Every structure is written in C-alpha cells, then in structure tokens.
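K.L.:
Could you build all of it, start to finish, from the sequences and the hints given here?
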Amino acid sequence: MTFLIVAAVLVVFGFLCCVFGTCRKILLLFLKGSFWVVAIPLEVLYLVLAWWWLAIARKAKGEPVPPAWLFALRRGGS
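Residues 1 to 78 in this note's numbering are what the sequence shown lists, from first letter to last.
Among the clues, some could well be false.
Unchecked claim - Now the in silico label distances, taken between C-beta atoms and shown as ranges: (1) PHE15 - ALA55: 39 to 49 Å; (2) LEU31 - ALA60: 15 to 25 Å; (3) TRP53 - GLY21: 45 to 55 Å; (4) ALA39 - PRO64: 18 to 28 Å; (5) PHE71 - THR2: 45 to 55 Å.
If you are wondering where the hints come from, they were derived from the structure by calculation, not from laboratory data.
All figures in this text were calculated on a predicted structure; none of them were measured in a lab.
For every residue, glycine included, the Cβ atom is placed at its ideal position computed from N, Cα and C.
P.N.:
Structure representation (structure tokens):
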C-alpha cells in the first residue's frame, strides 16, 4: 500500500514537472538522492561481504580481479 501511495505521489509530481520547470529540478534532486541512499549501502555490503571472496577465487584461478565498485561511477582506486 505504501508503494502505491509513493508511486501516486511521484506520478502527480511528475505531471507538475511537465507544467512547472522548478518542480523538475526538485524531482531530479530527489531521484539523485534516492539513488545514493540505495547505492551506498549496496556498495558497502558488496565490498564487505562479496568482493574479497570473488577476488580470492579469481586470483586462485589466475583470472583478473573483479571491479571493486558495483555501479559504474568513476571513483578513485578501482
């Protein structure tokens, strides 16, 4: 039920973005923030729980180490 309410609010807000330009900027800012709220915990979980196991297994097979970051965001040291 909560998902439907959030979806309805986003649809209404999206309609307002088509009418008013300022709402579009706010929506884009909200979507970027939502992405980071989801992406950062996933990155941390991947690095802590999975990446190093994959790296050890691939090194043992003689394959290259997998990328350290799940999302293709240019970060230093990957």
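K.L.:
Please go over all the hints and tell whether each is borne out by the structure.
P.N.:
Hint-by-hint comparison with the structure:
1. PHE15 - ALA55: 39 to 49 Å: For PHE15 and ALA55 the Cβ distance comes to about 47 Å; the hint holds.
2. LEU31 - ALA60: 15 to 25 Å: 41 Å, violated
3. TRP53 - GLY21: 45 to 55 Å: Roughly 48 Å apart at Cβ, these two residues keep to the hinted range, so it holds.
4. ALA39 - PRO64: 18 to 28 Å: 24 Å, holds
5. PHE71 - THR2: 45 to 55 Å: 26 Å, violated
In the structure shown, a violation is registered for the earlier hints numbered 2, 5, in ascending order.
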